[in-house]
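Colleague: Here's the letter readout for the chains.
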Amino acid sequence: MSNSKIKLNIITPTKTAFSDEGIDNVVIPTTSGEITVLPNHIPLVSSIKVGEIRIHKDGQIIPLAISGGLLEVRKDSELVILAESSELAREMNVEQIQAAYDRAVEAMNEPLDTQGDMSRERSLEIELNRLNIAKKWR
Amino acid sequence: MAVQTKVIKQKIASVKNIKKITKTMEMVSVSKMKKATGIVTGGKAYSTFAVELLSNIAGERHISHPLMEENTNKEKELVIVISSNKGLCGSYNVNISKALSKYKEASDMEVECLTIGKQSEKSAKRNKLPIIASFINLNEQSRVADFLSIRDIVVEKFRNNEYAKISVLYTEFINSASFKPNILKLIPVQEDIYKNVLLPQEDERRKSDSLAMYVLEPSAGEVLGTVLPGLIAHILYHTFLESAASEHSARMFAMKNAGDNASGLLDDLILYFNQARQAAITQEISEIVGGVEAMN
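Residue numbers (this note's numbering), protein chains in the order written: chain F, 1 to 138; chain R, 1001 to 1296.
Derived by calculation from the structure, the hints in this document are not laboratory data.
Bear in mind the structure is a predicted one, so any value in this text is a computation, not a measurement.
Positions of the beta carbon are idealized from the N, C-alpha and C atoms, including for glycine.
Treat each hint with caution, since some may be false.
Unchecked claim - No more than 16 Å apart at the CA atoms, straight line, and that leaves these computed lysine to aspartate or glutamate pairs for EDC-like: (1) K1157/R / E1070/R; (2) K1076/R / E1121/R; (3) K1020/R / D1260/R; (4) K49/F / E1070/R; (5) K49/F / E1052/R; (6) K1086/R / E1026/R.
Claimed, not checked - Reference excerpt, derived from the structure (chain F facing chain R, CB under 7 Å, subset only): (7) S4; (8) P13; (9) T14; (10) T36; (11) L44; (12) V45; (13) S46; (14) V80; (15) L82.
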């Protein structure tokens, strides 16, 4: 059986961030490069890095920020994205994200405490990604 | 006598105040508990998919990962103790402390602690266990991201062969009236344990097609290397939220009891107050009557 549309679920540990059944294609930043998932893609599991997901639906582009995770393409055009966190660009508040980014930059200058270097750099990367996406799609 | 009524009046006022405070704390706890359980429910979908992915990759492909294997170190183990920052929540923290001391006695290894919450720090000290790190800034508004640094610490320590195993001592939230301390093995990762904690009900587990036909990119090992740390962080977050829900539920009951006791006390005090007032009036009358009689 073949479908001409993708059924997509983006799931974070706290909620389902996005769910739709009529998706044409999805562009995803995986750790081995950006890929586009079209309907009837072969079953695939891959890891996602911090970046931008672009969902194409009826000629429209729905952009999302993602801070890493996993994608799972199932048979019959079902796509599941397990994200650490993800949000729609249209729901983003640039001022709030700018503030979060500024905090992350500030944290880089503070002396090390219980939070490791890794997590500081990571949160900076995540906030920068959110900021870029929020500004780009404003 | 006037002195006595005044004292009782003051007591009544302070008990009324206490009752108001306990009532408020009870309501606050109810809403916080609901919030915590709400997040736990919201995370069910993630749990379902992540656990399924783990069992599919690890179970069917027989691929292993260092985080799923025993360490050669057999002398030390780490327990992550989760409890509250604040007191006034009945037996919640005492139960964790008791469970910790029981666990310490049963273990044939040296036990070290990583504590979350001020009260667990105290529990560890009471049990004379060394604390390697303490986190006190987490609450039910914390996000998964806040648990990544804890995850990184324990994963690194495990991979450096510092501990034979790493467990989590938390309070399992069964429903709003019952919760109990529970200990679960975090690392080495065991699929069954994770499944039981994240998805206690059998029907929540989704049956899916075998992953055997899937293409895994870049490799099965690397996908597992992303799934496992993600799951560990998720388990930490999940157990923390269950503990938080239990804490608020425990506080809710403690405050309800305190409020009920205050009501009882108030009834008694009002009775005493009326008795004292009546006695004062009787005394005053008999004094006047006595005075009138003396004048005649």
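Colleague: Against this structure, judge whether each hint is valid.
Modeller: Structure-based check of all given hints:
With a C-alpha separation of about 13 Å, the suggested pairing of K1157/R with E1070/R holds against the 16 Å cut-off. With a CA separation close to 19 Å, the supplied pair K1076/R and E1121/R exceeds the 16 Å bound. At roughly 11 Å between alpha-carbon atoms, K1020/R and D1260/R fall within 16 Å of each other, so this suggested pair holds. As the CA atoms of K49/F and E1070/R are separated by approximately 29 Å, the hinted pair breaks the 16 Å bound.
With a C-alpha separation of about 21 Å, the suggested pairing of K49/F with E1052/R is violated against the 16 Å cut-off. About 14 Å separates the Cα atoms of K1086/R and E1026/R, which keeps this hinted pair within 16 Å; it holds. A cut of 7 Å between beta carbons decides the hint on S4/F: the least distance to chain R is about 21 Å, and the hint is violated. Contact between P13/F and chain R, as hinted, is supported at the beta carbon level, the nearest pair being about 5 Å apart and thus within 7 Å.
With a cut of 7 Å, the hint placing T14/F at the interface with chain R holds, because the nearest CB-to-CB distance is about 5 Å. Violation of the interface hint for T36/F is found here, the shortest Cβ-Cβ separation to chain R being roughly 14 Å, above the 7 Å cut-off. The criterion of a C-beta within 7 Å of any C-beta in chain R is met by L44/F, whose closest approach is roughly 5 Å, and the hint holds. Here the hint on V45/F is kept, as its CB sits about 5 Å from the closest CB of chain R, short of 7 Å.
Proximity of S46/F to chain R holds as hinted, the smallest CB-CB distance being about 4 Å (cut-off 7 Å). At about 6 Å, the closest approach between the beta carbon of V80/F and any beta carbon in chain R falls short of 7 Å, and the interface hint on this residue holds. The closest approach between the C-beta of L82/F and any C-beta of chain R is roughly 6 Å, which is under the 7 Å cut-off, so the hint is satisfied.
Hints 2, 4, 5, 7 and 10 from the earlier list are contradicted by this structure; the remaining hints agree with it.
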